[in-house]
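Participant: Protein chains in written order, with the numbering used here: chain A, 120 to 490; chain B, 121 to 503.
Bear in mind the hints are in silico, worked out from the structure with no lab data behind them.
Please note that a few of the clues may not be correct.
[Unchecked claim] Calculated cross-link-like contacts (lysine to aspartate or glutamate; reagent style EDC-like; alpha-carbon spacing at most 20 Å): (1) A:K132 <-> B:D122; (2) B:K501 <-> A:D398; (3) B:K501 <-> A:D123; (4) B:K387 <-> A:E155; (5) B:K420 <-> B:E173; (6) B:K396 <-> A:E129; (7) B:K396 <-> A:E168; (8) B:K170 <-> B:D189; (9) B:K420 <-> A:E129; (10) B:K396 <-> A:D478; (11) B:K501 <-> A:E482; (12) A:K344 <-> A:D457; (13) B:K383 <-> A:D123; (14) B:K387 <-> A:E476; (15) B:K396 <-> A:E150; (16) B:K420 <-> A:E232; (17) B:K420 <-> A:D123; (18) B:K420 <-> B:E241.
Being a predicted model, the structure only gives us computed values, none of them experimental.
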Amino acid sequence: MNLDLSEEQEMLKKTARDFLEQECPRSLVREMEQGEKGYSPELWRKMAELGWMGLVFPEEYSGMSGNFVDLIILLGEMGRALVPGPFIPTVVSSGLPIFHHGTEEQKGNFLPEIASGELIMTLALTEPSTRFDESGTEAKAQHQFTNYSISGTKLFVPYAYVADWIICVARAEEGITLFLVPAKSPGINLTVLKTIASDKQFEVVFDDVKVPTANVLGKVGDGWKIIKQIEEWSALAWCGYEVGSLQRVLEMTVSYANERIQFERPIGSFQVIQHKCADMLMDIDGARFLTYQAAWKVSQGLAASMEISMAKAWTGEASRRVCLSGHQIHAGIGLFTDYDMELYFRRAKAMELAFGEGDFHREIIAQQLGL
Amino acid sequence: MDFEFSPEEKKFKQEVHQFFQSEPELCAGFMEEWHGGEGFGPKTWALLRKLGEKHWLTPTWPKKYGGLDLPYVYYCIIQEEMSYWIGLYACIGTAMAGPVILKCGTEEQKDFYLPRIARGEIEFCLGYSEPQAGSDLANLQLRAEDKGDYYLLNGQKTFNTRCHFAQYHWLAARTSSEGPKYRGISLFIVDLKTPGISITPLMTFSGERTNDVFYDDVKVPKSSLVGEPGMGFYYIMEALAYERVTPVGAYQRLFEQLLEYIKESGKGSDPVIRQKIAQLAIELEVCKLFTLNVVSAQSKGIIPVYEANAAKIFITETEQRLANTVVNIFGLRGQLQRDSKWNVLNGMFEFIYRQSLTELIMRGTSEILRNVIAQRGLGLKRR
Ligand SMILES: Cc1cc2nc3c(=O)[nH]c(=O)nc-3n(C[C@H](O)[C@H](O)[C@H](O)COP(=O)(O)OP(=O)(O)OC[C@H]3O[C@@H](n4cnc5c(N)ncnc54)[C@H](O)[C@@H]3O)c2cc1C
Numbered sequence: 120m121n122l123d124l125s126e127e128q129e130m131l132k133k134t135a136r137d138f139l140e141q142e143c144p145r146s147l148v149r150e151m152e153q154g155e156k157g158y159s160p161e162l163w164r165k166m167a168e169l170g171w172m173g174l175v176f177p178e179e180y181s182g183m184s185g186n187f188v189d190l191i192i193l194l195g196e197m198g199r200a201l202v203p204g205p206f207i208p209t210v211v212s213s214g215l216p217i218f219h220h221g222t223e224e225q226k227g228n229f230l231p232e233i234a235s236g237e238l239i240m241t242l243a244l245t246e247p248s249t250r251f252d253e254s255g256t257e258a259k260a261q262h263q264f265t266n267y268s269i270s271g272t273k274l275f276v277p278y279a280y281v282a283d284w285i286i287c288v289a290r291a292e293e294g295i296t297l298f299l300v301p302a303k304s305p306g307i308n309l310t311v312l313k314t315i316a317s318d319k320q321f322e323v324v325f326d327d328v329k330v331p332t333a334n335v336l337g338k339v340g341d342g343w344k345i346i347k348q349i350e351e352w353s354a355l356a357w358c359g360y361e362v363g364s365l366q367r368v369l370e371m372t373v374s375y376a377n378e379r380i381q382f383e384r385p386i387g388s389f390q391v392i393q394h395k396c397a398d399m400l401m402d403i404d405g406a407r408f409l410t411y412q413a414a415w416k417v418s419q420g421l422a423a424s425m426e427i428s429m430a431k432a433w434t435g436e437a438s439r440r441v442c443l444s445g446h447q448i449h450a451g452i453g454l455f456t457d458y459d460m461e462l463y464f465r466r467a468k469a470m471e472l473a474f475g476e477g478d479f480h481r482e483i484i485a486q487q488l489g490l
Numbered sequence: 121m122d123f124e125f126s127p128e129e130k131k132f133k134q135e136v137h138q139f140f141q142s143e144p145e146l147c148a149g150f151m152e153e154w155h156g157g158e159g160f161g162p163k164t165w166a167l168l169r170k171l172g173e174k175h176w177l178t179p180t181w182p183k184k185y186g187g188l189d190l191p192y193v194y195y196c197i198i199q200e201e202m203s204y205w206i207g208l209y210a211c212i213g214t215a216m217a218g219p220v221i222l223k224c225g226t227e228e229q230k231d232f233y234l235p236r237i238a239r240g241e242i243e244f245c246l247g248y249s250e251p252q253a254g255s256d257l258a259n260l261q262l263r264a265e266d267k268g269d270y271y272l273l274n275g276q277k278t279f280n281t282r283c284h285f286a287q288y289h290w291l292a293a294r295t296s297s298e299g300p301k302y303r304g305i306s307l308f309i310v311d312l313k314t315p316g317i318s319i320t321p322l323m324t325f326s327g328e329r330t331n332d333v334f335y336d337d338v339k340v341p342k343s344s345l346v347g348e349p350g351m352g353f354y355y356i357m358e359a360l361a362y363e364r365v366t367p368v369g370a371y372q373r374l375f376e377q378l379l380e381y382i383k384e385s386g387k388g389s390d391p392v393i394r395q396k397i398a399q400l401a402i403e404l405e406v407c408k409l410f411t412l413n414v415v416s417a418q419s420k421g422i423i424p425v426y427e428a429n430a431a432k433i434f435i436t437e438t439e440q441r442l443a444n445t446v447v448n449i450f451g452l453r454g455q456l457q458r459d460s461k462w463n464v465l466n467g468m469f470e471f472i473y474r475q476s477l478t479e480l481i482m483r484g485t486s487e488i489l490r491n492v493i494a495q496r497g498l499g500l501k502r503r
């Protein structure tokens, strides 16, 4: 029993922090909110050079053979810097399922390109019902000779505009199936959604999009098992990202509270402020431990559904409490866009909603408890 | 990183688990005495002696004082099991007085007290709080005058739990009124049978006994002093950090019992109840992880001050929420007490709903501990 990071993990963390402090200033984050792409190809390339996109894939696919804990460490640093872009959609929501369920050919085609940063991918799962369970998938995939024809409307598809490939979830005659679809296929129509975090989520309409049968990921009709894994991995990845963000929010808040003088004393010396900060710390520690425990279980190949749901429910709700306190302590100045607080506040909500908020995950926990 | 115990540690946990499982009568007798509010009675002493025979009360101590020289994590495993089976997880002697004696006591003190603590034969009670010294412990006034060949003690302690059955008072007294208040405090071990000491009961509304203790011209030998004179406050603070390790076994057991009840009563299909139970499960998991974090740090020889405080706050506040949630799930029947007709799970949660208030206050109030987290953990300025 030991909750410490290993030496290599400490190194990874430090390298990532130093690199991102240099390469991903908050000005870049704001710029990306305005731009069309929502990410910086230059930063993306440099991150790939550091091996980050291949972190969790084996060396035979040009990866670094890291595990899920390593990934969470890296994501924490990305969350701290609010790195914008399709990292989680590409590596976690697409790369991992290809690695675990793809054919040799699919793995060979996709993974090295993901690792090298050449390939951006995303997941088209959610539909207008916004349900995360099986019944939420109504898009149809019709088998026609050597092709499938996919039709349906997908929402909240991250970075669809810059993606090269989309994993689309649709209902074939045999049941839920995952398809690897080139993002520029005829019949695909994109509309950017205006979101709280300006984080480039899209409506993607598939209108009779033709995909060869070889592009099925996993078994036809057996896709829901994979989706559940993707949902779990992605939820956990977002927890890792958010834990890093929240740590930064607390640091900003504490240093502001120590600097800001009112009534001839630093506001941080007022107990009401101190106690809010203490609560922020406990919220964040809770999120961090739950997230690391779940990631550790995943890395050991142990069942982690319950732990992941615990991490996601807690982290989502803690992120709201922490950001609210951060804002309250910054007061007026925190509401302006030349200050970073609001960036974290908006993203916390996006994160909380992604892959299930508290009630959704509590229901999973209740089931896991045998209720 | 490893969130699980090693195979040897797991084996040990299993052994401790089986020990308690095989002693249902002693455990039940213990619970009866303990929850009766009077503290240690014959059954408790019998159980402690059994644990002492196995050296499980003080597994980290050197063998010559009755320990097993085991790493810290073994102590935590025992504490978790004790908490799970009987609710009590530490004695004052084993957890607070003993470690300070081990570190700062004289050879005579070590030889005289430590083996008996380890065997489960004696208990100490904490003599810190006074009417004018609660959270502001440094304000304590009970005087210890150096009379050359003895100390003369005069004053009053309050809320000193366990004094009516313990043999020794772990007493903080003022030996000097010069300089900062906290620099004039010294620690003593006082035999509670010494003439001039009187103990009167105070009962909380959850039926737990604590005491007022009066010192009226009490003479104690010079050898009663622990460590250096004037250093008492520092020893107390260090020992408090140890005392703030809060096992969660007892809460896990309650949760298991609750879950069983929910399943059997058919309430488990109610979506609101499902949400509430799941939320409790999450919070208990966070409790467990806070504790593991403290254990992980202490295993490396670090005294994790803010982490231990965070654990104490979060765990005790969770206990209160747990009790409240469960009482509300029971609805009107939630108010029914232990011996009442129609009660649910023998009124256990009604009792905990009251008793959990003590935990929020003892061992440092939630407010004081938040101050420590903010100032020492986060570096917020004091003024
Ligand atoms: C059942 C029980 C058993 C106990 N057993 C023992 C024992 O065995 N031995 C022993 O020595 N003591 C014991 N205590 C005493 C316990 O340690 C004290 O009650 C505790 O330290 C708080 O002191 P107080 O009750 O005087 O409250 P006070 O210190 O008067 O506090 C009152 C309120 O003011 C707040 N407050 C005080 N100072 C500050 C501050 N600086 N910042 C913010 N808020 C502040 C507190 O948080 C609290 O909300 C026991 C208490 C109880 C209830």
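Participant: Checked against the structure, which of the hints given earlier come out wrong?
Facilitator: 3, 4, 5, 6, 7, 11, 12, 13, 14, 15, 16, 18
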